[in-house]
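Student: What follows is each chain in one-letter form.
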Amino acid sequence: MTPVVIQRNIRWSGRLIVIGLVVQMLSLLWTHPLAFVCFLLIGCPLVGAGILFFLYSLVSHEHA
Amino acid sequence: MDTTTLIPIFFTMIVAVLGLFTAMRPEFTSARGGKILAFVALCILPVLSVWAGFDAQLDRSTSTQFCLSCHVMADFGKSLYVDDKSYLPAAHFQNNFVPRDHACFTCHTDYTMFGDYKAKWRGVHHVIVQYLGTIPKPADIKLYTPYNNRECLHCHAGSRVYEEAAPHHKTPDMLARAASNQLSCMSSDCHEFVHDVADIGGAAFWKPKAGGQ
Numbered sequence: 001m002t003p004v005v006i007q008r009n010i011r012w013s014g015r016l017i018v019i020g021l022v023v024q025m026l027s028l029l030w031t032h033p034l035a036f037v038c039f040l041l042i043g044c045p046l047v048g049a050g051i052l053f054f055l056y057s058l059v060s061h062e063h064a
Numbered sequence: 001m002d003t004t005t006l007i008p009i010f011f012t013m014i015v016a017v018l019g020l021f022t023a024m025r026p027e028f029t030s031a032r033g034g035k036i037l038a039f040v041a042l043c044i045l046p047v048l049s050v051w052a053g054f055d056a057q058l059d060r061s062t063s064t065q066f067c068l069s070c071h072v073m074a075d076f077g078k079s080l081y082v083d084d085k086s087y088l089p090a091a092h093f094q095n096n097f098v099p100r101d102h103a104c105f106t107c108h109t110d111y112t113m114f115g116d117y118k119a120k121w122r123g124v125h126h127v128i129v130q131y132l133g134t135i136p137k138p139a140d141i142k143l144y145t146p147y148n149n150r151e152c153l154h155c156h157a158g159s160r161v162y163e164e165a166a167p168h169h170k171t172p173d174m175l176a177r178a179a180s181n182q183l184s185c186m187s188s189d190c191h192e193f194v195h196d197v198a199d200i201g202g203a204a205f206w207k208p209k210a211g212g213q
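Those protein sequences? They're chains B and W, same order as listed. Under this note's numbering, the first residue of the first sequence carries the number 1, and numbering increases by one thereafter. Under this note's numbering, the first residue of the second sequence carries the number 1, and numbering increases by one thereafter.
Derived from the structure by calculation, the hints contain no laboratory data. Source: prediction; values computed, not measured. Watch out, some of these pointers could steer you wrong.
[Said to hold, decoys possible] A few chain W positions that, by computed beta-carbon distances, are all more than 10 Å from chain B: (1) 22; (2) 91; (3) 98; (4) 108; (5) 109; (6) 134; (7) 140; (8) 154; (9) 156; (10) 180; (11) 188; (12) 196; (13) 203.
[To be verified] Label pairs and their calculated CB-CB ranges: (14) W:181 with B:55: 27 to 37 Å; (15) W:210 with B:55: 49 to 59 Å; (16) B:60 with W:44: 13 to 23 Å.
[As the list claims (entries may be wrong)] Which stretches of chain W does chain B cover? Using the computed rule of at least three CB atoms under 8 Å from a CB of chain B, they are: (17) 119-131; (18) 157-169.
Quick reminder that beta carbons are idealized off the backbone N, C-alpha and C, glycines included.
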């Protein structure tokens with residue numbers, strides 16, 4: 001994987017994580033069952049996907 | 001907003017800013033320090049942030065306000081204010097036998113190792129029914145299993161008023177049978193009036209003085 005591709009993957013994983021964290025922040029501002037569900041079903045998967053994508057881009061890195 | 005909510009929000013905000021910085025400047029990761037920063041910002045801190053957020057969410061989901069935010073639960077909330085000592089939840093709520101801001105959860109969690117998580121899993125099911133299923137009438141809402149005395153005895157076991165009360169000695173083995181869940185605390189002629197939302201229309205209600213909930 002070239003450095004450009006790695007940087008692109010990092011950019012995407014960062015975006016996913018930030019969106020997930022924003023969902024988490026918004027859900028914490030509202031005391032309602034829907035906020036809990038948004039956190040569980042939207043925030044957590046987005047952050048999880050971002051982390052996994054970042055880790056994938058690390059392990060798939062091949063030295064030239 | 002209390003500190004148990006504010007701290008995870010601020011922590012999440014800081015982690016999001018760090019993540020945003022890493023996402024906008026990924027070229028930093030070509031240097032050793034940048035790699036470490038990226039690993040911390042995109043792996044370690046988000047995990048900690050989600051953990052903190054989950055803990056905060058779980059804590060607030062035990063609040064009375066949270067449970068009563070679904071319309072179908074409104075009558076159950078009203079039943080806490082029935083002006084009748086024989087109504088068990090009302091007596092507990094009005095006399096602070098349970099914390100008022102966590103009244104529902106205090107009685108309706110399972111006091112077992114994973115009881116809180118089981119209760120929350122049931123709560124997720126309730127939310128799904130609320131928004132995607134057929135909402136039952138309040139009077140049709142029943143417990144999944146008969147109420148276990150373990151939940152009552154979590155607080156009452158060992159207390160003098162419970163162990164010495166004359167009605168608890170109608171038979172010599174009454175307390176033992178209650179402890180082993182052979183005799184329900186909510187049997188007829190005992191503490192049989194619980195929420196009774198079907199009959200709540202004609203009930204008189206307690207009005208807390210200013211400053212109460």
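Student: Please confirm whether residue 108 of chain W is truly not at the interface, meaning its C-beta sits more than 10 Å away from all C-beta atoms of chain B.
Tutor: The assertion about residue 108 of chain W holds, with a minimum of 15 Å to chain B.
Student: Closest CB-CB distance from residue 140 of chain W to chain B, is it above 10 Å?
Tutor: holds, 20 Å
Student: Does residue 180 of chain W really sit off the interface, with its C-beta more than 10 Å from all C-beta atoms of chain B?
Tutor: holds, 35 Å
Student: Verify this label for me: residue 134 of chain W is non-interface relative to chain B, using a Cβ-Cβ cutoff of 10 Å.
Tutor: holds, 17 Å
Student: Determine whether the Cβ-Cβ distance between residue 60 of chain B and residue 44 of chain W falls within the hinted range of 13 to 23 Å.
Tutor: Given about 20 Å between the Cβ atoms, the range holds.
Student: Grab the minimum beta-carbon distance between residue 98 of chain W and chain B and tell me whether it stays above 10 Å.
Tutor: At about 19 Å from chain B, residue 98 of chain W clears the 10 Å cut-off, so the statement holds.
Student: Confirm or reject the statement that residue 188 of chain W sits farther than 10 Å, beta carbon to beta carbon, from all of chain B.
Tutor: At about 34 Å from chain B, residue 188 of chain W clears the 10 Å cut-off, so the statement holds.
Student: Does residue 154 of chain W really sit off the interface, with its C-beta more than 10 Å from all C-beta atoms of chain B?
Tutor: holds, 25 Å
Student: Over 10 Å to the closest beta carbon of chain B is the bar; see if residue 203 of chain W clears it.
Tutor: holds, 27 Å
Student: Mind checking, does the region 157-169 of chain W have 3 or more residues with a CB under 8 Å from chain B?
Tutor: violated (count 0)
Student: So the hint says 27 to 37 Å: do the beta-carbon atoms of residue 181 of chain W and residue 55 of chain B match that?
Tutor: violated, 48 Å
Student: Does residue 156 of chain W really sit off the interface, with its C-beta more than 10 Å from all C-beta atoms of chain B?
Tutor: holds, 30 Å
Hint check: violations occur at hints 1, 14 and 18; the rest are consistent with the structure.
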